[in-house]
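With chain L's structure known, arrange chain W on it following the hints.
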Amino acid sequence: MLTYTLRRLLWMVPTLLGITILIFCVIRLTPGDPAALMVSDVSTGGVGDASGVEAAMEKFRERWGLDRPLHEQYLVWLWNFLRLDFGDEMMRPGVSITSVLWQRLGVTIPLTLVSVLLSYLLALPLGILSAVKQGTLVDKVSTGFLFILYSLPTFWAGLMLILVFGASGFDWLPIMGLHDKDAAQMPTGEYLWDMFLHALLPVATLTYGGLAYLSRQMRVGMLEIVRQDFIRTARAKGLPEKVVVFKHALRNSLIPVITVFAQILPVLIGGSVIVESVFSIPGMGLYAYEGLLKRDYNVVMATTTFSALLTMAGFLLSDILYALVDPRISYD
Amino acid sequence: MTQPTQAAADDSAAPTGGVPARAAGTGVPASDGPASVYSKDYWDQVFEQVRRKPTAMLAIAMLVLLYAVAIYAPLLANDRPWLMEAVDKGAYRSARTSLRPIALNLKGMIRDGQDAFLERQAELKAEREAAGQDVASVVRTWSEALASEAGAISQRVDTMASQMLPEDRALLDEVRAALEHAVALAQAGDPGAVEAAGTLSDLTKRARSELVARDPAADGAAGTEGIELQPVSSRPVLETITRAEVYFMGLWLLLMTWILWNPAVNAVLLGRDRARMRRARRPKFLACLLLPLIAVLAWEPRDASFETAPYKAGLTAGDIEATRVVFVPFAFGFAEQNDGEYFRPPTWHRYAEISEEGYYVTGPRAEALDDLEGFRPPANPVQVRTGEPERNEVMRHALGTDSLGRDLVARMIWGARVSLSVGLVSTLFLLLIGTVLGALAGYYGGWVDIVISRVIEVVQCFPVFFLILIVVALTEQSGVLPIMVIIGLFRWPGVARLVRGEFIRLRGQDFVLASRGLGVPDSRTIFRHVLPNAMGPVLVAATFAVAAGILTESALSFLGFGVQAPIPSWGSLIQESRSAEHWWIQVFPGLLIFLTVVLYNLLGEGVRDALDPRIKKA
Chain L
402 MLTYTLRRLL WMVPTLLGIT ILIFCVIRLT PGDPAALMVS DVSTGGVGDA SGVEAAMEKF
462 RERWGLDRPL HEQYLVWLWN FLRLDFGDEM MRPGVSITSV LWQRLGVTIP LTLVSVLLSY
522 LLALPLGILS AVKQGTLVDK VSTGFLFILY SLPTFWAGLM LILVFGASGF DWLPIMGLHD
582 KDAAQMPTGE YLWDMFLHAL LPVATLTYGG LAYLSRQMRV GMLEIVRQDF IRTARAKGLP
642 EKVVVFKHAL RNSLIPVITV FAQILPVLIG GSVIVESVFS IPGMGLYAYE GLLKRDYNVV
702 MATTTFSALL TMAGFLLSDI LYALVDPRIS YD
Chain W
13 MTQPTQAAAD DSAAPTGGVP ARAAGTGVPA SDGPASVYSK DYWDQVFEQV RRKPTAMLAI
73 AMLVLLYAVA IYAPLLANDR PWLMEAVDKG AYRSARTSLR PIALNLKGMI RDGQDAFLER
133 QAELKAEREA AGQDVASVVR TWSEALASEA GAISQRVDTM ASQMLPEDRA LLDEVRAALE
193 HAVALAQAGD PGAVEAAGTL SDLTKRARSE LVARDPAADG AAGTEGIELQ PVSSRPVLET
253 ITRAEVYFMG LWLLLMTWIL WNPAVNAVLL GRDRARMRRA RRPKFLACLL LPLIAVLAWE
313 PRDASFETAP YKAGLTAGDI EATRVVFVPF AFGFAEQNDG EYFRPPTWHR YAEISEEGYY
373 VTGPRAEALD DLEGFRPPAN PVQVRTGEPE RNEVMRHALG TDSLGRDLVA RMIWGARVSL
433 SVGLVSTLFL LLIGTVLGAL AGYYGGWVDI VISRVIEVVQ CFPVFFLILI VVALTEQSGV
493 LPIMVIIGLF RWPGVARLVR GEFIRLRGQD FVLASRGLGV PDSRTIFRHV LPNAMGPVLV
553 AATFAVAAGI LTESALSFLG FGVQAPIPSW GSLIQESRSA EHWWIQVFPG LLIFLTVVLY
613 NLLGEGVRDA LDPRIKKA
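Residue numbers (my numbering), protein chains in the order written: chain L, 402 to 733; chain W, 13 to 630.
It is worth saying that the hints were derived from the structure and are not from the lab. Worth double-checking, as some hints may not be accurate.
Stated by the list, open to error - Some but not every residue of chain W turned toward chain L, in silico, with C-beta under 8 Å:
1. Leu77
2. Val81
3. Phe474
4. Phe477
5. Phe478
6. Val483
7. Glu488
8. Ser490
9. Leu563
10. His594
11. Trp595
12. Val609
Said to hold, decoys possible - Below 25 Å or equal to it, Euclidean Cα-Cα: the simulated DSS-like pairs (lysine-lysine) are:
13. L/Lys541 - L/Lys460
14. L/Lys534 - L/Lys643
15. L/Lys534 - L/Lys695
16. L/Lys460 - L/Lys643
17. W/Lys65 - L/Lys534
18. L/Lys541 - W/Lys101
Stated by the list, open to error - Partial selection, computed: residues in chain L whose CB lies under 8 Å from chain W:
19. Ile424
20. Phe425
21. Cys426
22. Pro667
Think of the CB as a built atom: it goes at the ideal place given N, C-alpha and C, for glycine as much as any other residue.
Bound conformation, chain W alone:
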């Protein structure tokens, strides 16, 4: 790495206060000899200054926590249990009864043969196309169709087998063998496949009648005869976790434990040598980014096609008999509705009290009951499902519910994902655009500068929020990514101007001239030598831009044009009700937005003061 640097010059002219003229990223190696003194480089100084500001450090810690909440949301608020040891009678029953229909379907498919199947699929496709429906699910080859039917059967067999004692599984093993045989023959086009499929369907018929589960609760034969089901232990929350989530969870774990492992790495591996520690910065950073990838590769995402599984309903109704259930701290899903609990005030509020029968005791909604003189309102009474806190416990809806009875705490936890990532990603976009344009204008000058500067001037005159609102509203964006891009597309001129100014200041300096004189390509000079020295002010601007991005997204969602339901964002939560009667819906998510913006602004001020200590001192 040939990085021209000013560090050598800074050695003699030792800085007297704050951050000196910027020295380039990786400075002079201190391995010249024992006499060489470590000279702090730019980032050393910045870290030192930021560390001195308690507010900035507090902001960093709180932001790390907030992002942890967003990243670990599934482990914090979920309607699925974290750990469940249970007999799932419902799942067993539905698997047992649905085996035969699928087997019959497979048998019919094999009997009619490949050509008839493909013909029917073609007809279906034409029909759907005519109706303007989705055809992606129709176009299937013969072997794919066979595999999907076989998969459906073996999935049900697995569900049953997992809950049975090994000695009861003989029949299921036969089903498995027959299935494998029939599919293999059918794939090969062997006429014997029809017979094999017949055997399979006979076996499933037997399985349906012979493998009835014993139900001690029921009277008569079902109470004493039948298969004894075994409790299975499972982790339903983990089943929904995708690979991307695993990556970020791992990454965040490494970042959160930085203060633990960083000193250890410095002491053991690097021997507390500051020059080596400096050189280890980049490898450490890369390690944080790459190590979680190992976890991702090891992770096998399971079927999470349905987001709300009826675990709680099953447990409540008795279809699932649990010997052990552990729920996550907030046992509510972000989209989980409770018909009886719409717009319930926070449970610590006196108006939230609910009687045994599930109706309000005090407050306007109880009065509404009285007005009706004996008539019960059409709303359902509050239901408490297994795993949920009792009906009047504070932890039941500590911050109230929305119009569909969804828990506000759970929605705020999940909403953090959208709100926090919109700020970050939109800032990345605007940094990308602003830095590239600003660097080009500042480095080359001349007509490039004139053109880009004019464009900057024009875009700066845009009424930005107004335009973002209109573009988002009219293009009917409901996804998160387009909103991030649109915010980035309108907000780049500030950064572009900043970068341009820094480049104009730096382009005449010796290290740039040296780099050009050595024949280093322009792109390398710009990105490796000039840009790192211009990053300080950009970093400050970026921190404030994240806060602005979060504010913009929340305002968009508040006006009803942002991310659409059921995915929550803090702004769209507030939009649920503007009635003052439902004050909790407006107060709490807004408070969270406010807190996040405060933290980012605190951080931005801390970094700015660290880079430019003139104002703070004086």
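So here's chain L without its partners, still in its complex pose:
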């Protein structure tokens, strides 16, 4: 197991290198020029004549090493990355990306974890119920409902939640950000309640897709197990249905569901861009989105690398869990 984990960790290195090189090349070889964008911002503030603009652009390129050869730029970036230093934001010099990123991750990671946890907590009972009551009204309703959730576009679901809960004239729930504007003065209890209310809609938007997918997987897995010989044996020897379902069937059908974790995580991380921009939540997704809009190479590189790291961590975790729950699987 340990050697397997180590090997997987080693495999993360080429994967990460691949992703970063790809993004690096895409960023640096595409026509847009952040220097021009930057200077156009500045020139409205004063620098008038053409030579001044040219000089400013030159200075900007030199400041960020954009005038150096591509491989050199990448190696410099890689070296800085190994020291977890992503440099400053290009458009706001002096603001260290690393510190902003930690702060943003502090929003995105809890949101993601909560929604993963919620999906599992809700999906497993739903899936089991649906499988045990296969063919009944309960099964049909829940399957149909999950099917609808499964096909719902994330951004649209978020917008519709905002329309219904935030803007229908009732103002049931807050729809912007994670805190009220004067949350800083609130006592702890009120502060947490406020955050809870703010998080409800975004978490719901993040959760429903994974929930639907998981629950369908759970149902299918459960149905497959129920047909196996050992279940028939368990029933034949007169075990109560509860024991058959929860002790014999459930344990075995849980195994494939765990790997689903690895499939949900990248979707959630991609989804965080959408959800955070719909609900204006200052997380990593919104940071990446803003970076893209401003063509801030450093921010884009940093957020991409982190989302890749998170995705890979999810894959690794699910593989290890897989081996842990199923003693038949050995990676060595």
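Frame of chain L; chain W shown alone:
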């Protein structure tokens, strides 16, 4: 066609439920003798199973309809009339008055001669190059330049002549003859060309003063004298239809009428013989693909260089006097703006009501009017143009308008083209990459498999949507095709793994060994024998991939990085406004995306259950 097949084996071991082990595409011909019994092949079984699922059939029917809407969009929503019988006074007038300037230009060109012309063009080119402008339109040869001037003149002459009585056309015929003469001489380098061009320009001068149209509405001389114009019948919508559109329209017509002509073909041509019907599958499919080509060849695309022609404006202003106008069901173009109607709610909504003067009666925008106490807001009042429904009719903007007053229904109809094709084409790309790589890895095994499997593992760890978003945003893609390619480039590993697994399962089977033993080249074994047997699961994955592609594109467009205006896609329509006040912009296009994804998922589930009935039964 030598297709090793397992159908023979399946004959004895008759399937008991669902689809049996896969038999290869074209099975054993049943013409062995009268005793032979038809054995259903793989696709027979699949069709049968899918046909049994009402939801899957419903999904297929609805998807066919959706694609029909996308393909026939120009015939459904257009600001051009479908049929128009009219006197176009405006077009006549502008043709009449612009004849002479062009003729003078031609005359000047001929007088200065070829060398002077080429010299001037070279200067112009250098000038444009220095300014960094496009030079493609400048570099022209002498004969091309002459032809383009002559074309401009004869086009105007045609416009005029088509609306005139034959007896009035004598002068125009003279113009035509003079033009032909002058150009022919100039092409040949004959010095007489100058004189001929002089004659031409004199004739156009006469045409301008003598061929004034009679205008009964005007007072004085213009009311009684002049040429009597004749209404011309035209089909302005068809003028914009390109050859590609004709092909898809024809193809779709054949597919939509499949349920009508397929039984007839089976009964009349094939005598309901199932084995012959099976063999006819491929020819039928090819016929569907090839027959529309005939229509394409017969179609002569006309000049559609400008997308929004001012037909409605002309009709409203009276420049076009129509005796008969028929508009398409939704008389709005996808890029047609109406300044007064920006962000108008759906016309059935109470806030959409508009007074005689063209201002809102109730709702927040009417209140905004009141706040200004007598001041009219800078916005223009709503204008109703000819051909459009009345200002408060439901069909006028049944689903509202966007920030520029463009009709949402029209934009959704045209947007279907982008959204639906992105899903389909991106799936084709990922199928291509995934199938080839998966087939190589699965068939050859060994180091090929190791390398490809590692690549699959690496790509699978990508945060896919994030990467697609970044690549599309940073390369500033605004076209449809690059977005399709990028989606395909990141989404192939799932299919590759599937195909690889199927190949590993199949490569040891007898028919593959037989094929290899016979010395059939690997490429043929892979693509003709193994691949068709591995297509089932791939088909299911592809159906879900189309849904995923549509979702990805809509999310990209929603974030503002997808297809750029004025071309609509369902996602970019939503992006027009995120304000809750403009709820209709968010609700309706999103509903359409949702519906399409539901249909594809239903279809995918139907096909999956048909291929693998284990789960459904039980």
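Verification of the hints:
The beta carbon of W/Leu77 comes no nearer than 18 Å to any beta carbon in chain L, farther than 8 Å, and the hint placing it at the interface is violated. A cut of 8 Å between beta carbons decides the hint on W/Val81: the least distance to chain L is about 19 Å, and the hint is violated. Annotation: interface hint on W/Phe474 holds; nearest CB of chain L at approximately 6 Å, less than 8 Å. Contact between W/Phe477 and chain L, as hinted, is supported at the beta carbon level, the nearest pair being about 3 Å apart and thus within 8 Å.
With a least beta-carbon distance of about 5 Å to chain L, the hint placing W/Phe478 at the interface is held under the 8 Å criterion. This hint holds: W/Val483 has a C-beta 5 Å from the nearest C-beta of chain L, less than the 8 Å allowed. Nearest Cβ of chain L to the Cβ of W/Glu488: about 6 Å, under the 8 Å cut. The hint holds. Below 8 Å, beta-carbon pairs count as interface contacts, and W/Ser490 has none with chain L, the closest being about 12 Å; its hint is therefore violated.
The beta carbon of W/Leu563 comes within 5 Å of a beta carbon in chain L, closer than 8 Å, and the hint placing it at the interface holds. Taking 8 Å as the C-beta cut-off, the interface hint given for W/His594 is violated, the closest approach to chain L being about 10 Å. Interface hint at W/Trp595: satisfied, since its Cβ lies 6 Å from the closest Cβ of chain L, which is below the 8 Å cut-off. Interface restraint check for W/Val609: the shortest CB-CB distance to chain L comes to about 4 Å, inside 8 Å, so the restraint holds.
The hinted pair formed by L/Lys541 and L/Lys460 fails the criterion: a straight-line CA distance of about 65 Å is larger than 25 Å. Proposed proximity of L/Lys534 and L/Lys643 is supported: the alpha carbons are some 13 Å apart, at most 25 Å. Among the hinted pairs, L/Lys534 with L/Lys695 is inconsistent with the structure: their alpha-carbon atoms are about 53 Å apart, more than 25 Å. Using a Cα cut-off of 25 Å, the hinted pair L/Lys460 and L/Lys643 is violated, with the two alpha carbons roughly 73 Å apart.
Proximity of W/Lys65 to L/Lys534 is assessed by CA-CA distance (about 21 Å); at most 25 Å being required, the pair is judged to hold. As the CA atoms of L/Lys541 and W/Lys101 are separated by approximately 65 Å, the hinted pair breaks the 25 Å bound. Interface restraint check: L/Ile424 against chain W, minimum CB-CB distance 6 Å, threshold 8 Å, status holds. Interface hint status for L/Phe425: violated, as the beta-carbon distance to the closest one in chain W is roughly 11 Å, over 8 Å.
With its C-beta approaching chain W no nearer than about 10 Å, L/Cys426 sits outside the 8 Å limit, and its interface hint is violated. Hint status for L/Pro667 relative to chain W: holds, with the closest Cβ pair at about 5 Å, below 8 Å.
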